[in-house]
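Visitor: In case you want the letters, here they are:
Protein chains: 2
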Amino acid sequence: MTRFASSVSALRSSEIRDLMKLAASPDIISFSGGMPGNELFPLDMMDKIYDSLTDKDKQIAMQYGPTSGLPMLLESLSDYLEKKGLPVKKNRLMVTTGSLQAINILAKAFIDPGDNVLVESPSFIGALSAFRSYEANIISVPLNSDGIDIEQLKVMLESTQPKPKFLYFLPNFHNPAGIVYSQEVKQQMIDLLRDKDIPLIEDDVYSDLYFYKGDVAKMKNIKTIDPEGIDVCFTGSFSKILGPGLRLGWMLVPEHIYQKCELIKQSIDACSPSLSQVIADKFLRNGYIQEYTENVRLEYKKRGLAMIDALEKHLPEYVSFEKPRGGFYIWLHLPKGTDSTLILKKAIEKGVVFVTGKTFDPNGVKNDCMRVSFCNTDVDVINKGIPIVAEAIREVCG
Amino acid sequence: MTRFASSVSALRSSEIRDLMKLAASPDIISFSGGMPGNELFPLDMMDKIYDSLTDKDKQIAMQYGPTSGLPMLLESLSDYLEKKGLPVKKNRLMVTTGSLQAINILAKAFIDPGDNVLVESPSFIGALSAFRSYEANIISVPLNSDGIDIEQLKVMLESTQPKPKFLYFLPNFHNPAGIVYSQEVKQQMIDLLRDKDIPLIEDDVYSDLYFYKGDVAKMKNIKTIDPEGIDVCFTGSFSKILGPGLRLGWMLVPEHIYQKCELIKQSIDACSPSLSQVIADKFLRNGYIQEYTENVRLEYKKRGLAMIDALEKHLPEYVSFEKPRGGFYIWLHLPKGTDSTLILKKAIEKGVVFVTGKTFDPNGVKNDCMRVSFCNTDVDVINKGIPIVAEAIREVCG
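Chains as they are written, first to last, in our numbering: chain A, 283 to 680; chain B, 283 to 680.
One or more of the hints may lead you astray.
Heads up, the list lumps identical chains together, so a pair's fine if it works in one copy or across two of them.
[To be verified] With a straight-line cut-off of 20 Å between C-alpha atoms, the simulated SDA-like cross-links for lysine to any residue are:
id : residue 1 : residue 2
1  : K628      : R676
2  : K542      : E417
3  : K584      : C679
4  : K436      : G511
5  : K542      : T336
6  : K338      : G315
7  : K338      : N320
8  : K303      : D479
9  : K502      : Y332
10 : K371      : I670
11 : K542      : P395
12 : K542      : Y416
13 : K338      : L322
14 : K618      : F603
15 : K618      : P424
16 : K542      : D361
17 : K500      : D650
18 : K605      : L363
19 : K303      : P353
20 : K371      : M327
21 : K338      : M317
22 : K542      : S415
23 : K618      : N398
24 : K338      : L325
25 : K338      : D660
26 : K330      : I421
27 : K338      : E321
28 : K338      : G319
If you're looking for bench data, these hints aren't it; they were derived computationally from the structure.
Model the full assembly from the supplied sequences, consistent with the hints where possible.
Guide: Rendered as structure tokens:
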């Protein structure tokens, strides 16, 4: 099922068929995806990397590797994460087949059918699907513009029995909400969870894609704030900073959790793709990653600011949103009770697609919000498409 | 946990540590792995393929693809499988992150905790791990030199309640047993399972690696014998015919099973590595696969025959084995009650490693057999290592 299909599941199946046909048209403007623009991939760097590979590198690329990842990538990735302040020596690093696999493995490690798990509302659909697939009982806590609602989290922690197996959250440039956690909210989370033996899953795949260098200091990960404290399973990915087609992510987790995860990974796919790992290692080791992320940051900033401008210019005043300071997404709050599926239908007829709010609702209900992405369309397309989105909103909401 | 570690789990942990240190030495002769020799990978073809990629190909390689696989690979792989007689149009093909992932997805699709599943004894450790990870109750049926023991299968089918969710088997150049199913046994399996609504999982990753072209005709897959009959989930892999480092396999399954598997795959890793898929597609489309498999077939035949010769020359007469006619493995039957872990210990001390029998026993007990692989060592190394294996056997068995 595509993300699009799940976003229109309220419609009749014949309607869905027609809409999907329209939405798949090459002329449609898509603000729906969470993938980098094709034109932004570092093809020159890929060529240079491939040309630099020795026969031995290529043999490693073609062969099985250790379940936890190729030693050379574990080394270069450790260095990369250590520079961000993550305690790579006190935790274990594992390379995974995308960060979604990291989340899936953690879900399998923690969840028995019926177990309670805590997530934000809204939350990342991929993680929700993984938790559902292991039959978790998903309990959601609302998200504010500075992070999870601490009062609600407190209530949920007190009232949830048996206690939740983990709290899953996205600290930076949230998908779909676009927000960044404040230092205060992170500290309050740490204080609330201390001594409760409820690990955090911190899913941080967008933090390199900031618009403003000055924001970096406040995007500290939990383990850099509280290195000896609560258990944190930190997940990340090469998908947004190199290419999702490599299918490479990672988890950095405490030793006792790592042991279980390695066994699970071994039975899922034995090891992550070695070819991708060899390339990612060179990408890190040659310093290409700094050069590349600097470039794409500028481009995503241009697109993000263009989308903010276009939304401010065209949206009716009853639609609000938090201006993103990085990442891929803008989350629009529609008038209470609006059915964003109706807006999507209108928008698709006019040639634009986005993702409805309830796609990201852990309960699959709350639909008076919607996600538009700016990662995969250039400024001209944004300027053409956003007025259409605004028009569709007006047609439904008046 | 490595395959090696699991094979010596009967030993004390300090002994295991010492043995693992020895076994990891670069000078050790390894007959334990199931990976192609590094020197056999088609590096020239990889270079030619990479050089032929257009910018568009490279963008596809870097981007997310559909969960079921890149359309171009689904097309070229369908053609490839159709030429083998598989009913690709009446079933659905999905590209997976290695064939182990295909088996894992099928396990998740079929198994609820406590469900009965049927396997051969011995069987592939990766599949056993996947079935165990979903808490299946694994019921084993002995394997003969021409396939599963039909009388025992009949008994198990009659006596197992609730009925098993599937029967998992390896038709060609069995791992670890090295045997090929006869036409008769396959037909008897089909007859036994007809109208029982118990699907087969047919794991066929070695059939391209035959020593004798004349054997191809008898290695027909179930769906080519009985296209309209029982449900078959057919799994295969690029690991042995291109490179395991790509992590690419496939499943060809009936539509109603496919739907569930696609949802599961989406929550496991979203899609298989696109970079690997682009390369595998060219490998198929340019006809490199025929050229390459012809070459490696000759090399594996040379190694396999050398190992058969060395075993016949050096083994005590109380050790028997079925001579392989393809694949990677030879399965040695030791005197009843022998503990092959003791032999492994002796062998490692002398500089050779292999895999103990109980590793492949669904019950993890029967240890009077052992697997030696000939895929990853050249003829000279085989001639040096097999006398050492024979010596270790004599020291334990007399």
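Visitor: Taking each numbered hint in turn, which are not upheld by the structure, reported in ascending numerical order?
Guide: Structure breaks hints 3, 5, 8, 9, 10, 16, 17, 18, 20, 23 and 26.
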